[in-house]
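Visitor: Residue strings, one per chain:
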Amino acid sequence: MIAIFLLFLSFSFKTFAKFDADISGNLEGQGRHSWNNEDAKKDLMQDWDDEDFYLIYGNLDGKVEINGSRLEANFFARHSKSDLYENDYIAPQIFTFPNKLVARDVFKLQHKKEVQDSRTELILNKLYYEWDYEEHRFMVGRIYINYGLGEIFNPINPFNQPTGLTAISQVAQGNDGFNFTFFVSDKYTVDFFLLGDKSVNGYEGQIDRTLWVHGEYQFSDKLQFDYVIGEDQKRDKLGAQVRYSFTEAMVFMQTLFQTDYVNNEESHPLWDMMIGYDQQIINKWHIRAEGGYQKLNRYANLNTLSERFLPTEYFIAIANQYEIHPLVKITGTFVNDVKSGFTYFIARNTFDLGHSTEAEIFGYIPVAKGDKFSYPAQKLVTTDIGMALRTFF
Amino acid sequence: MFKQFFRKDIVFCLALGANANNATEWSKFIDREMRGDRSHAEIMMTIETPNWSRTLEIESDVEGKKQALSTINSPAKEKGIRTLRIENNMWNYFPKLKRKVAVSSSMLLASWMGSDFTNEDILKASSMAEDYEHKFVPNQKIEGTEYRVIENTAKSEAKVMWPKIVTYASPVDCLPRQYRYYDKQEKLKRVLYLDDVKTFDGHKLPTKWVMQPENNAKKKTTIIYKNMKFNSSFKPNHFSQKNLTDY
Numbered sequence: 001m002i003a004i005f006l007l008f009l010s011f012s013f014k015t016f017a018k019f020d021a022d023i024s025g026n027l028e029g030q031g032r033h034s035w036n037n038e039d040a041k042k043d044l045m046q047d048w049d050d051e052d053f054y055l056i057y058g059n060l061d062g063k064v065e066i067n068g069s070r071l072e073a074n075f076f077a078r079h080s081k082s083d084l085y086e087n088d089y090i091a092p093q094i095f096t097f098p099n100k101l102v103a104r105d106v107f108k109l110q111h112k113k114e115v116q117d118s119r120t121e122l123i124l125n126k127l128y129y130e131w132d133y134e135e136h137r138f139m140v141g142r143i144y145i146n147y148g149l150g151e152i153f154n155p156i157n158p159f160n161q162p163t164g165l166t167a168i169s170q171v172a173q174g175n176d177g178f179n180f181t182f183f184v185s186d187k188y189t190v191d192f193f194l195l196g197d198k199s200v201n202g203y204e205g206q207i208d209r210t211l212w213v214h215g216e217y218q219f220s221d222k223l224q225f226d227y228v229i230g231e232d233q234k235r236d237k238l239g240a241q242v243r244y245s246f247t248e249a250m251v252f253m254q255t256l257f258q259t260d261y262v263n264n265e266e267s268h269p270l271w272d273m274m275i276g277y278d279q280q281i282i283n284k285w286h287i288r289a290e291g292g293y294q295k296l297n298r299y300a301n302l303n304t305l306s307e308r309f310l311p312t313e314y315f316i317a318i319a320n321q322y323e324i325h326p327l328v329k330i331t332g333t334f335v336n337d338v339k340s341g342f343t344y345f346i347a348r349n350t351f352d353l354g355h356s357t358e359a360e361i362f363g364y365i366p367v368a369k370g371d372k373f374s375y376p377a378q379k380l381v382t383t384d385i386g387m388a389l390r391t392f393f
Numbered sequence: 001m002f003k004q005f006f007r008k009d010i011v012f013c014l015a016l017g018a019n020a021n022n023a024t025e026w027s028k029f030i031d032r033e034m035r036g037d038r039s040h041a042e043i044m045m046t047i048e049t050p051n052w053s054r055t056l057e058i059e060s061d062v063e064g065k066k067q068a069l070s071t072i073n074s075p076a077k078e079k080g081i082r083t084l085r086i087e088n089n090m091w092n093y094f095p096k097l098k099r100k101v102a103v104s105s106s107m108l109l110a111s112w113m114g115s116d117f118t119n120e121d122i123l124k125a126s127s128m129a130e131d132y133e134h135k136f137v138p139n140q141k142i143e144g145t146e147y148r149v150i151e152n153t154a155k156s157e158a159k160v161m162w163p164k165i166v167t168y169a170s171p172v173d174c175l176p177r178q179y180r181y182y183d184k185q186e187k188l189k190r191v192l193y194l195d196d197v198k199t200f201d202g203h204k205l206p207t208k209w210v211m212q213p214e215n216n217a218k219k220k221t222t223i224i225y226k227n228m229k230f231n232s233s234f235k236p237n238h239f240s241q242k243n244l245t246d247y
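Residue numbers (my numbering), protein chains in the order written: chain A, 1 to 393; chain B, 1 to 247.
Hint data in this document are derived by calculation from the structure and do not stem from the laboratory. A few of these clues could be false.
Covered stretches of chain B, going by a simulated chain A footprint (3 or more residues, C-beta under 8 angstroms) [as the list claims (entries may be wrong)]:
1. 76-83
2. 92-102
3. 113-120
Everything numeric in this text was worked out from a predicted model, so none of it was measured. For glycine and all other residues, C-beta sits at the position ideal for the given N, C-alpha and C.
Assemble the whole structure, with the sequences as input and the hints as a guide.
Guide: Quick look at the structure:
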């Protein structure tokens, strides 16, 4: 009977439905040795000298498609180990950034285990169902929201942290809610989002809502305009991005304004801006520059590095990538706070080992200290040297 | 069917013999044969150095020289990465992170996935027939085989990467067997060798392309056309951002 049913089901799928399924993923292990910043020891009670830190993380991504609809899920696991956890030092939060794998979180869908010197997280950071039609697309569940050109700072998208400066790159943040995309024309697309978040109050109490619109309009061959408007994290927000393409390069600008909290909690308005430049200099050398300003949130809690990683208020960042061999890529990124003089250098050297496996040597080095009135997060930046091994399947 | 195309080549090449200076017509013929108006290709690319090699499988859809969409099918690390080009605008899409990234058109000259081909080669952003002026130079014999040689010089208004390309074409089937690419200083930078001609939908196409950079004799990239469909019927929104992100 079961065999007949399975035969019928198989026949039905083949006859009436286009069925497709796929599983993929990646696994990465990292080890680093870290030296503490003297200012962090004195001013921020981070009284440690040097420590080792180990991290292993991975994604398992699954997709099932039937005709015009699709179910997608991603399971993210991360385990880290270091003596720094024993005294709740902040540095591990930098090493594992982004710490929040779900930016707007109603359903939790995660398990965390903290023991003396290690942390383990198991998270379903993507789980959604999608219906795809000719001119629109509808998604419900835990979704990735990924737009905006900033790789180091991307203020118009509060739902996914850029990973240009972080050690974890194979990750996107999930968001719980609904997304309706309307493809108005070849040149104009509008995304509507209704999201919720309970994680701010530890999954207790009411859901903080997000009502968000993102539009993308291609004015001409060279000019594109994005806008965002909505209410998110108890603030009204309004922002835009303009991109202009030359034959040789691309220039883009973003700005985002955030009002006070709408529920009269103590706060002040925030605003961010950035300008970026991107060029392929020669066929093996790519350069990107981003500079801008992020207003310091005086009410933010330094102990929860959950929202922003960029350790500067005014910043200029220059990222170079050079392919010295088809197997070997070298990346160097300088981030400078033009106000305080703080300068941070990130170097990565990636070796392709074949069979979808690569090794990386990396270094995170604060090469110039900021002055004592600078952005507090600058003092938390440690000097690190480490290695990573990653594989894709 | 074979007879039909054999006759077409003979007629064309005889006509060319009668009008030996018509290098532009020759280039148009090559474009028509190898590009067509629309095509869908399944390609295997192998990047080789003495101690290492890497193979990628790609699907590439092209319509004219204005629209192209490529998808990487393997290896696992790059699987699903798509590139859409509409005129001078390019976007990459990374399905695992659901990230669509607009890229500078200067990326057309970037190495494609570490190979000796550029984005421009893969996305067929330029057309030899339309973007270059053509003239014959004296025939050349290479390893016992005589080739018709066409010097292609970029038109002043053309947005192309190579100011000069020299075509070495077979006088038998009129298709190219070598392209030599020169930079602004007239220095030879790379050579593309084409071989193993097969017929797909009435179009003759060299199915083995080997790109050899001039400054590194130990490295090369080989493309094998596993399958090619000409005049494919794409959906009206095939070359759109909606389709780019539907993976």
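Visitor: If you test the structure against every hint from before, which numbers come out violated?
Guide: none
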